Amino acid sequence: MKIEGVIEMSIYDIKVKNSNGVEYDLSEYKGKPMLIVNTATKCGLSGQFDGLEKLYNEYKDQGLMVLGFPSNQFKQESGSAEDAAEACRLSYGVSFPMHELVKLNGKDAHPLFDYLTSHSKGFLSNSIKWNFTKFLVDKEGNLVERYAPTDNPESFKKDIQKVL
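One rule links them: number in this note's numbering = place in the sequence shown (from 1) + 6.
Hints were generated in silico from the structure; no laboratory data involved.
The structure presented is a predicted model; accordingly, all values stated were derived computationally and were not measured.
Don't take every hint at face value.
What follows is a list of derived Cβ distance ranges for each label pair [stated by the list, open to error]:
hint, residue 1, residue 2, range
1, MET15, GLY99, 13 to 21 Å
2, LYS60, LYS168, 17 to 25 Å
3, GLY37, LYS164, 18 to 26 Å
4, LYS60, GLU14, 15 to 23 Å
5, MET15, GLU92, 15 to 23 Å
6, GLU92, TYR30, 19 to 27 Å
Glycine residues also receive a C-beta, built at the ideal position from the N, C-alpha and C atoms.
Build the full structure now, drawing on both the sequences and the hints.
Written out as structure tokens, the structure reads:
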């Protein structure tokens, strides 16, 4: 529903910080699909970094951006964004962009995850339940799909191909 005089916020209006603390607008990715993932290097699902990296390497030349956002909300992440990014690169060979440690839920949730959960469909979609919840955003900035923490990244290749 659109209210007269109220402008709907876009995902491209959201600012994020990379793991080095440099802030930028997600508008840098206009025209590119994004797979946004909340990560944790000490999580039992951290093996998914391999699948995420494979997707990134396979589709980055076609525009896919995989964006990792570490969070310690579930007490399974390193002490800082730099530590998390280093662990991702050294332990898992991650080359896709990693970002600052973020809160996923509650009053201090990062605006990106507020946006993603508020635009998700379905029961229990108003919060992040665990690490490695994944969100696929199309080239126009629309949330296409939300994937559960246990969904293997390679299982939604067809969805990624559709948004490329």
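To see whether the hints hold, each was checked on the structure:
1. A hinted range of 13 to 21 Å for the beta carbons of MET15 and GLY99 is inconsistent with their spacing of about 35 Å.
2. Our hint of 17 to 25 Å for LYS60 and LYS168 holds, since their Cβ atoms are close to 18 Å apart.
3. In this structure the supplied range 18 to 26 Å holds for GLY37 paired with LYS164, their Cβ-Cβ distance being about 21 Å.
4. For the pair LYS60 and GLU14, the supplied restraint of 15 to 23 Å is violated, since their beta-carbon distance comes to about 34 Å.
5. Between MET15 and GLU92 the beta carbon distance is about 33 Å. The supplied range of 15 to 23 Å is therefore violated.
6. Distance hint check: the CB atoms of GLU92 and TYR30 are about 20 Å apart, consistent with the given range 19 to 27 Å.
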